Amino acid sequence: MCVLSGMNDLGTFTLGDFHRTWQRIGRGLLSRGKREPAIRRSVPAMTEPADYSAMILHIAQNGDKVAFADLFGYYAPRIKGFFMRGGMAPGPAEELAQETMLTLWRKAHLFDPAKASASTWIFTIARNLRVDAIRRERYPAVHLMEEHEPEPEPSPSDELLRLESETRVRAAMQKLSTDQRNVIHLHYFDDKPHSEIARALDLPLGTVKSRLRLAMQHLRNLLGEE
Amino acid sequence: MNRRPSDEILMAYVSGKLAQGPALVVAAHLSLCPESAERVHQFEAAGGVMLEQAPVVELAPDALEKVLARLDASSPTQVLPPVRHLADMPDGLVLPSPLQQYDIGKWKFLAPGVQWSSIGKGGARRNRPMLLRSKPGMVLPEHTHNGVEYTLVLKGSLHDAQGDYFPGDLIVADASLEHEPAAGPEEECICLAAVDGRLQLKSLLGRLVQPLLGF
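Quick note, the sequences are listed as chains A and B, same order. In terms of numbering that gives the first Met the number 0, the first sequence opens at residue 0 and continues consecutively. In terms of numbering that gives the first Met the number 0, the second sequence opens at residue 0 and continues consecutively.
What the hints contain is simulated information worked out from the structure, not anything from laboratory work. Keep in mind the model is a prediction, meaning the values are calculated, not measured. It cannot be assumed that every hint is accurate.
Stated by the list, open to error - Quick list of in silico lysine to aspartate or glutamate cross-link-like pairs, EDC-like style, CA-CA up to 16 Å:
hint	chain 1	residue 1	chain 2	residue 2
1	B	Lys-16	A	Asp-190
2	B	Lys-154	B	Asp-102
3	B	Lys-134	B	Glu-57
4	B	Lys-134	B	Glu-185
5	A	Lys-114	B	Glu-34
6	B	Lys-16	A	Asp-131
7	B	Lys-120	A	Glu-136
8	A	Lys-114	B	Glu-37
9	A	Lys-208	A	Asp-190
10	A	Lys-106	A	Asp-63
11	B	Lys-154	B	Glu-186
12	B	Lys-154	B	Glu-185
13	B	Lys-120	A	Asp-131
14	B	Lys-65	A	Glu-195
To be verified - Covered stretches of chain A (chain B as the covering partner; in silico rule of three or more C-beta atoms under 8 Å from a C-beta of chain B):
hint	segment
15	99 to 111
16	180 to 192
17	198 to 206
C-beta atoms are modelled at their ideal positions from N, C-alpha and C, and glycine is treated no differently.
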């Protein structure tokens, strides 16, 4: 609440500005990573960073296909790349990336910007579809997909708190060394066994295990003990 | 032994690495534990960052057209078979929301004073979660595991050499522990349990009921 009233005192600094600034900061941090690819769009690039959360809300409210095409242009190739990194062949990865975007369209009314950023929410859709496809059973993780009471009016303070929290996570991820981030990605998100990681990184098995342990410890310290 | 799952377990849950049964137990725990839920949210945000940083792999040239064409098609209304809850629950016990989408079987005899009920139909049998219901003070059947056992207290309390556990507490016991929890003396105890790996019930009674459990 106090954050919000402070912002109001600034007069000109709106929630949208905050969101855009946050996204700019986030993207700036990310673009330093060596693998950050150029952003490609299916629609002409806008002059300011895209507000993907707002686009999902436009889909929920108006069935906005232009917003959908824009989201598709940014996320679909990354979702496909994410699945392929995890070991999926290009064909199934393409198909599942399309399903992820279709699910985004159909579930857009469940998106709550006070609970998650666009990327976080889309990640959970992709994660669930991947598990469902591989194991042929529904992954029980659903909390971001649950029905929620429509807010009588948007609650910007909740959204701000969520953005702050996600900004902290972004900063923490950035402070991990590339090696640490990589080993977390390989072990958890790509679901690679220790032995395969050891081969891929040309490291002894023991080093992989200790690096993973230290990486999680470092992340825990950066996020703060719960 | 802990009342909350480790960050490693929560990260495995977030990344989709956890087996179905343990994932359901963790999901149920999250609905009861705001601290774990917040940690999961942080890790999901980390997943969002990972997604943004994923390699950009272009889709087929007509991919957007194909998906756009499907947007207006009425989404296949998923006719899910109605969920059946055959095990009666004591008054006042509301099962955590992740459990409510699953069939829950009847209470069956497991040991004197202890009943169990299977949850869901899909998935590997040995990873299938179950509800355990124990009379006050009863010891749950002694067992060792090759895998990791996840036990979430839903009602009453559980006690073992490591500590006391109350509703919402998640006990994660790995293979190195011989784990013999007892229900508290004050009231019956209901918990949700799943095993990641093969469970071996050790006592004679355990050996007798093992075929029933299908482990």
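How the hints compare with the structure:
1. B/Lys-16 <-> A/Asp-190: holds, 6 Å
2. B/Lys-154 <-> B/Asp-102: violated, 20 Å
3. B/Lys-134 <-> B/Glu-57: Status violated; Cα separation ~59 Å.
4. B/Lys-134 <-> B/Glu-185: The hint holds at about 10 Å.
5. A/Lys-114 <-> B/Glu-34: This hinted pair holds, its Cα atoms lying about 15 Å apart.
6. B/Lys-16 <-> A/Asp-131: holds, 12 Å
7. B/Lys-120 <-> A/Glu-136: holds, 10 Å
8. A/Lys-114 <-> B/Glu-37: Holds: A/Lys-114 and B/Glu-37 sit about 10 Å apart, inside 16 Å.
9. A/Lys-208 <-> A/Asp-190: holds, 14 Å
10. A/Lys-106 <-> A/Asp-63: Distance ~14 Å between A/Lys-106 and A/Asp-63 Cα, so the pair holds.
11. B/Lys-154 <-> B/Glu-186: Cα-Cα ~9 Å, so holds.
12. B/Lys-154 <-> B/Glu-185: holds, 11 Å
13. B/Lys-120 <-> A/Asp-131: holds, 15 Å
14. B/Lys-65 <-> A/Glu-195: violated, 36 Å
15. 99 to 111: holds (count 4)
16. 180 to 192: holds (count 5)
17. 198 to 206: violated (count 0)
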